[in-house]
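Novice: Kindly produce the complete structure, drawing on both the sequences and the hints.
One-letter residues, chain by chain:
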Amino acid sequence: MNTTESFDALRRANPRAQAGFESAVEDAATAVKAAVETSARTTRPRRLVGVPAVGASLAAVAIAAVVVVGSLGGGPGVESATAAFKQAATITAASAERSGTAAVRIEHNGEFWAGTTVRWNGDDVSIGRDAPSRPGKVGDEMRVVDGVLYGRDREGLWLAMGSPRNIDPGSGTTPDEYLAAVRADVGGVTLQRFTRGMSGLTKVALDDGSAVYRGTVAAGLIAPETGFKEGQAIRVFPFGYVAHDEAANPQAQLDVAVTVGADDVVREIAVTWGMPTSSWVYTVAYSGLGTTAAPVAPPNARDLLKERLSFERPTPSADYRARAGARRPGLYAGSQPSSREIEAERSRRSGSAASTAAPSKRVLGPWSATIASSSPRADRIGAAIAVSPGSRSPTACA
Amino acid sequence: MTERSIENEQRLDALFAEHGPDVVAYCGWRAASTSDAQDAVSDVFLTAWRRLDDVPGDAIAARVWLYATARRVIANQRRSSRRRSALQQRLLHEARPAHDRLSTREEALVHEALELLGPRDREVLLLSEWEGLSAAEIASVQGCLTVTARGRLHRARRRFRAAFEDVRDRDARGAAAPRPGGTPDYSLLRQGGS
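So the sequences go chain by chain: A and B.
Each residue of the first sequence is one higher than the one before, counting from 27 in the numbering used here.
Each residue of the second sequence is one higher than the one before, counting from -3 in the numbering used here.
Derived by calculation from the structure, the hints in this document are not laboratory data.
Quantities reported herein were computed from a predicted structural model and do not represent experimental measurements.
By construction, the Cβ of each residue, glycine as well, lies at the ideal position given by its N, Cα and C atoms.
One or more hints might be untrue.
[Stated by the list, open to error] For each label pair, taking beta carbons as the anchor points, the in silico distance ranges come out as: (1) B:R7 x A:T56: 14 to 24 Å; (2) A:R180 x B:E5: 54 to 64 Å; (3) A:G148 x B:E3: 28 to 38 Å; (4) A:V268 x B:S130: 47 to 57 Å; (5) B:Q6 x A:T317: 30 to 40 Å.
[What the hints assert, rightly or not] Anything over 10 Å on all C-beta distances counts as not near chain A; from chain B, calculated: (6) D50; (7) I56; (8) A58; (9) A64; (10) R67; (11) R74; (12) L112; (13) R116; (14) G147; (15) H150.
Specialist: Rendered as structure tokens:
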């Protein structure tokens, strides 16, 4: 084969020649327009949208007379509904940029199964969890205020846990990462996925000026992340909840209702699926977008670092150590290898193994200094060695 | 809307009309997944929008500027998504087209050969062969000397040729080809799949 042949093949494989590339460029143009529009909105001074309480909107949904604007068959009504829905997603993203509250709730067969409430304002965030089916998790809360992470201990008392930057940045659990994921879920790619993937869109106008957009969205767009847990593939909803039953099938069409307020901001997303015997309702209610106050540092939080530094290991008395050491040799020789380890080392090595295997002269553990009974002349070995401790234990000191 | 903002919008529109397909294509084969690619394209032009004064007026220089920006955007994406390494692995596999999505067997072999190259070799080779950049332009995108880019390109070409011959010979002998990769499935991108 000559060089031209291989490179001709490479050039023919250029993705520009793939089917769908032109459409992808068109979609990218739309996405860029939306991103620029969002950017322009967020850079306007204090043009943030307040949202009334979610409960009020739900009540309005229940009692309002409805008018169906769109239809399943498509046409101008659906096109305008789609455009309005996309606009709502864009405005919501802009409003959620600075602050907001998202209340996530999952119901199974009509009963509360799990929930999370996230409040954010700038880089400060509070994440409260409520999972009645998981003992010990109810009321869990984490806050990040002014760069300090707060959490609760087992008794429910607040602990100041230091800078969130001390958390392993690769763990996916840092507040920064969580906050980024929340913003994406609230106003970013998650809503965009919904708007792109919703089919059979209908719009129901409510008396209070809000509207409910209904349609179906593939489960794979709602819960796109796949991982493995106990050998089984899992898909994860926004805010981290694992999709169950039908929702775990990415092809399944799930019923989605998005409530948009009169101010064009998304108030609630509700996803329902499942058979009558195992029905699930997943809702995310947005409130206070742009108006949520920053979380405050918990009062009387104990400083975890100070507590750890002030913690002193109780040191047994010399008399107790002597008696205990006589009963159980090696009890206080924590840093010394066990006889089994010594034997293993001896079998693998020679030379230094003999010295390693030699019994320790210490009976009271590494904390007692071993003073050399004789030493070479200082003028031959230097002062540094002359003042070194007799013990080679890294934990010992002279 | 002010006159200046209208001018800016017109300039961004012109920028996208001229270079949008290039950035979409570049992000398509560089990003870890189709959704990442779409996000990256948005981020690149959002950056251009915010820094329009920094975007060179010359078309060729503007194109290189956009490639370099896309490169940094994707690097940032990878850093931020490193935490989801398991997920990213899945996305990498999802981003890879299955055999039946590729139009020809030859295309599958090309992707298989590309997969055998290191990331740097692959990038410099595709910047040249798919994006049509010169060595000097590749150097601007990668932030290195032209002579360095030329050397990298030379080595990448040599390695690709060897890799392609290898996979083609293996294919001729009937060995099962491993799953190819390297480019996104644009039908998935259109659907917003991730």
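Novice: If you check each hint against the structure, which ones fail?
Specialist: Hints that this structure does not satisfy do not exist here, as all of them hold.
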